[in-house]
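Peer 1: Take the sequences, apply the hints, and build the full model.
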Amino acid sequence: MASRVVVMKGTYRDSITVMKISNELSAASGIRSAAAVMATGLNKRLLGDLGFRAIEVESAGPNDLVVALEAQDENALGDALEMLDRLLSARKTMLSGPAGPRTLDSALGMLPDANLAVISVPGQFAKREALRALREGLHVFLFSSNVPAADELELKRIAKDSGLLLMGPDCGTAMLNGVVLGFGNVVRRGPVGIVSASGTGSQQVSVLVHGAGLGISHVIGTGGSDLSEQIGGLMMIEGLKLLEDDEGTKVIVIISKPPGPPTAEKLLVVARQCRKPVVVNFLGRSIESTADSGVREVATLEDAAKTACALVRGETPRVEPFSAKKEDVLAIVEREASSLTASQKYVRGLFSGGTLCLETMVVMTPLIGGIYSNTALGGSHTLGDANVSREHTCVDLGSEEFTAGRLHPMMDYTLRKMRILREAKDPETAVILADIVLGIGSNPDPAAELVPTVAEAKGLAQRGGRSLPIVASAIGTPDDPQDLTRQRKELENAGVVVMESNAQAARIAALIATRGAAAPRVFGSAAHG
Amino acid sequence: MGVSGMPLQTRARSIGRTALERSSVRGAMGIVHSIFPSAVNILTRDNHLISVVSSRVGRGPINLVADLPDRAPMSSMGLEEGDDVWSGGAALVVPDRVVISTEGASVYQPERSFGHALLPASGIENNLTAMLRYARVRGRSAVAEYVMRRLPDTPPGRPEQSGRPAPSSSGGGLSTEMQVDSFAGAALPRVSDFLLAVQERSYPRIRMSASNLIGLGPGLTPSCDDILAGFMASLRFAEENRIIAGDHITRVIEEIASCVPNRTTILSEEYLMHAAVGEANEPVVSLLQRILTAGPAEVRSATRRLLSVGASSGTEIALGILLGLRIALGRRIALGVAA
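Which chain is which? The protein sequence lines are X and U, in order.
Its first residue numbered 1, the first sequence is counted upward by one per residue in my numbering.
Its first residue numbered 1001, the second sequence is counted upward by one per residue in my numbering.
Among the hints, erroneous ones may be present.
Anything over 12 Å on all C-beta distances counts as not near chain U; from chain X, calculated [said to hold, decoys possible]:
1. Gly41
2. Leu42
3. Arg45
4. Gly248
5. Pro258
6. Arg285
7. Pro444
8. Glu456
Restraint-style ranges between C-beta atoms, simulated for each label pair [unchecked claim]:
9. X:Asp412 x U:Gln1109: 28 to 36 Å
10. X:Arg486 x U:Glu1111: 45 to 53 Å
11. X:Ala27 x U:Leu1118: 42 to 50 Å
12. X:Arg157 x U:Thr1154: 19 to 27 Å
13. X:Leu131 x U:Arg1017: 40 to 48 Å
14. U:Thr1154 x X:Val179: 35 to 43 Å
15. X:Gly123 x U:Glu1200: 52 to 60 Å
16. U:Gly1078 x X:Ala27: 28 to 36 Å
17. U:Gly1082 x X:Asp412: 56 to 64 Å
Straight-line Cα separation of at most 25 Å, SDA-like style, residue types lysine to any residue; simulated pairs [said to hold, decoys possible]:
18. X:Lys417 x X:Glu500
19. X:Lys241 x U:Ala1294
20. X:Lys160 x U:Asp1046
21. X:Lys417 x X:Asp483
22. X:Lys417 x X:Pro366
23. X:Lys160 x U:Pro1261
To be clear, the hints were calculated from the coordinates, so they are not data collected in a lab.
A virtual CB, placed ideally from N, CA and C, is assigned to each residue, including glycine.
Peer 2: What follows is the structure in structure tokens.
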């Protein structure tokens, strides 16, 4: 057996380095024990008790590093001392800074103050990662889809019990303290808080609030299935409570596709108990009178934004079918519809946002009748083949059947451009309708993508002896990376009718397709929307 | 060194109260004592430290948080151990290498008294339980883990009469038979003895048992020092918020502090003496604030941040906080071993 004590006078190494030295020496071949410690009185005494006695140790002080080694023979001891030299000289490399994180643990090591994890892994691994994050006390933004409902329920119960948010699965949009997670727009901070099961729905309301001169406190996403009967709106309720307690939030907007009656009633009970005004938009649900409480149920996303702004300002909410004057709208309808042929009867809506597709159907169905879709409101209007339009059609290009193995249509316009050209060739197409969602995460320049396709589509129709109105809603702000003003201008220059909301785009498309016949229903019905 | 041979010019985002006092002299102030990835320690002429740290380390009484790019290592400042450091009043200067302006830097003086935001004892106990459970799973200190194994998740509602060990928890991630290293084995009976002395208000024994802890354990700040630092800081916070009477606390801390000089490393000595007056680095203060005023989720988050400090120091400080606050709440702690 051989032992050695090495004293390094005035040598300061950070604790992690010292521990690394100690651990690696302990694990070295032929080493029975190893310790690297500062030579404080007690540490020296302990080393003495362990059999490490040397004059050098006695003379060492608290600010000296001492390394004690016990090896099975001199050879092993020599190897260990060489290793010690290497470990000490490796210090400069260790000082060169950490590498990027590859795991949740290493990310937390680099950012120990973090209180939220963004998780985007294949669905089968999402639960494991989300559980780890929740156990670390982190809120979770779960971008992953294809997470089983039972797993979602388990995760959300754990989150709720821990006072944490589990946003998702399949959550595309949130904005917390002004920081956008996933897709989102550059909007000012302000008094309107949103808790939403719809990403594009949140974006639509956010940009309209911004456009009205107000701002957003937070957007809490819940994931699309939070309001299913199985999940029961767990995170919607938690989000509502958080916004209720948030000093910066004055009015709360709730957005979702219509939940089942029990969940809807549960949510409305919580909303009625809220100390702040709550605007509810369950798209497609018949509106119940809630005038006796602080809850206002509205029909569209635009109505939600306008109502929230009015409540913040202490005004009576007032919703109109269009921002522009009626005569100006009808002039556009006249211009676009005047050269339609008799065969052009149908609206063809091509959407990147599922909620925007749904809202369009909610708005247009009373105006033009049944609409076929891959996400139809009623089973009788479900498209047999989502790739083939039939009469009035609205297609959600962001649904699973279109996005499997490819980027979401908010980023990748390829499918939509192809579909525009196909609809342009159809002599029954009266209007092509599309949503253009700007903001962080979306396609960097939708106008550049679409303008050549619009020109080609109009050319195709013209060669068939038709004109082809194209209507779009632009969901964005001038501060978005794509610049709403520029996008709008370039699209309008290409002959696109650009509306400032999805609901307005749906209405004007219906007006064009009906050659203005729907005007009484549009201008008469919206007064109580 | 900056580009073209010019010294690197940066500014301090924040400076601790002690660091401000120590750097307020003009002229030769000290030398670069040690360089770590996230900190450069300056040894002043009267043998005290000022730590120039990155924002990752955070604010603290002796810390000067330099405005460096995120994740830039301290070695990027081009300093070497032994470099002379000068003070120009509103700047620290290492000639030809670095100028750190302290003008406009915010002075770190964290709030310690919470008034109406203070939780009731039951809320604080719940938070301590959350912290203990988290630290058991995520802790990185053999010494602290060995002690924590013997602490119940929730202490009895009134002082225990026997000195038997508390039942060990079934939770946590420790192995059933954790290999006890030499330091952990040496520390446990000493910590036990110290806690008994504090609870029995035997002041001479507090001094003796504290002297048996200071300087014991691995690390640049030895493990038992970190436990004592967390212990003293938590007692000062408890005293400030009238959870426990000040006279007893003052006496306990005086006894511990009297043992500190010349028994441990200079950095540890700094931390201990600041903890004795209730001052500590941001992760420690943040955890204390949250235990006393917030909920378990926030406590877990703050615990996580503290556990990431050093190789094992954060876990040991967390243990000290747990012990200090349980004693402040009148809970009896018996580790069941004799020194």
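Peer 1: A separate judgement is required for each hint: does it hold in the structure or not?
Peer 2: Status of each hint after checking the structure:
1. A beta-carbon of chain U is positioned within 12 Å of the beta-carbon of X:Gly41; the least distance is around 6 Å.
2. For X:Leu42, the condition that its CB be more than 12 Å from all CB atoms of chain U is violated, with the nearest at approximately 4 Å.
3. At roughly 9 Å from the closest C-beta of chain U, the C-beta of X:Arg45 falls inside 12 Å, breaking its exclusion from the interface.
4. Every C-beta of chain U lies more than 12 Å from that of X:Gly248, the closest at about 19 Å, which supports listing it as non-interface.
5. The claim that X:Pro258 is not at the interface with chain U holds, since no C-beta of that chain comes within 12 Å of its own (minimum 32 Å).
6. Every Cβ of chain U is farther than 12 Å from the Cβ of X:Arg285; the closest lies at roughly 34 Å, confirming the non-interface assignment.
7. Here X:Pro444 stays apart from chain U, with its beta-carbon at least about 25 Å from theirs, past the 12 Å limit.
8. Distance to chain U confirms X:Glu456 as a non-interface residue, since its nearest Cβ pair spans about 47 Å, more than 12 Å.
9. Between X:Asp412 and U:Gln1109 the Cβ separation comes to about 53 Å, which falls outside the hinted range of 28 to 36 Å.
10. Distance hint check: the CB atoms of X:Arg486 and U:Glu1111 are about 48 Å apart, consistent with the given range 45 to 53 Å.
11. In this structure the hint that X:Ala27 and U:Leu1118 lie 42 to 50 Å apart at CB holds, the actual value being about 47 Å.
12. A hinted range of 19 to 27 Å holds for the C-beta pair X:Arg157 and U:Thr1154, which are about 23 Å apart.
13. Checked against the given bound of 40 to 48 Å, the beta carbons of X:Leu131 and U:Arg1017, roughly 42 Å apart, stay inside it.
14. At roughly 37 Å, the beta carbons of U:Thr1154 and X:Val179 sit within the given window of 35 to 43 Å.
15. A hinted range of 52 to 60 Å for the beta carbons of X:Gly123 and U:Glu1200 is consistent with their spacing of about 58 Å.
16. Between U:Gly1078 and X:Ala27 the C-beta distance comes to about 35 Å, which sits within the given range of 28 to 36 Å.
17. At about 58 Å, the CB distance of U:Gly1082 to X:Asp412 agrees with the hint of 56 to 64 Å.
18. As the CA atoms of X:Lys417 and X:Glu500 are separated by approximately 21 Å, the hinted pair is consistent with the 25 Å bound.
19. Straight-line distance between C-alpha atoms of X:Lys241 and U:Ala1294 comes to about 17 Å, which keeps the hinted pair within the 25 Å bound.
20. Straight-line distance between C-alpha atoms of X:Lys160 and U:Asp1046 comes to about 53 Å, which puts the hinted pair past the 25 Å bound.
21. Proximity of X:Lys417 to X:Asp483 is assessed by CA-CA distance (about 21 Å); at most 25 Å being required, the pair is judged to hold.
22. Between the alpha carbons of X:Lys417 and X:Pro366 the distance comes to roughly 28 Å, so the proposed pair goes past 25 Å and is violated.
23. At roughly 49 Å between alpha-carbon atoms, X:Lys160 and U:Pro1261 are farther apart than 25 Å, so this suggested pair is violated.
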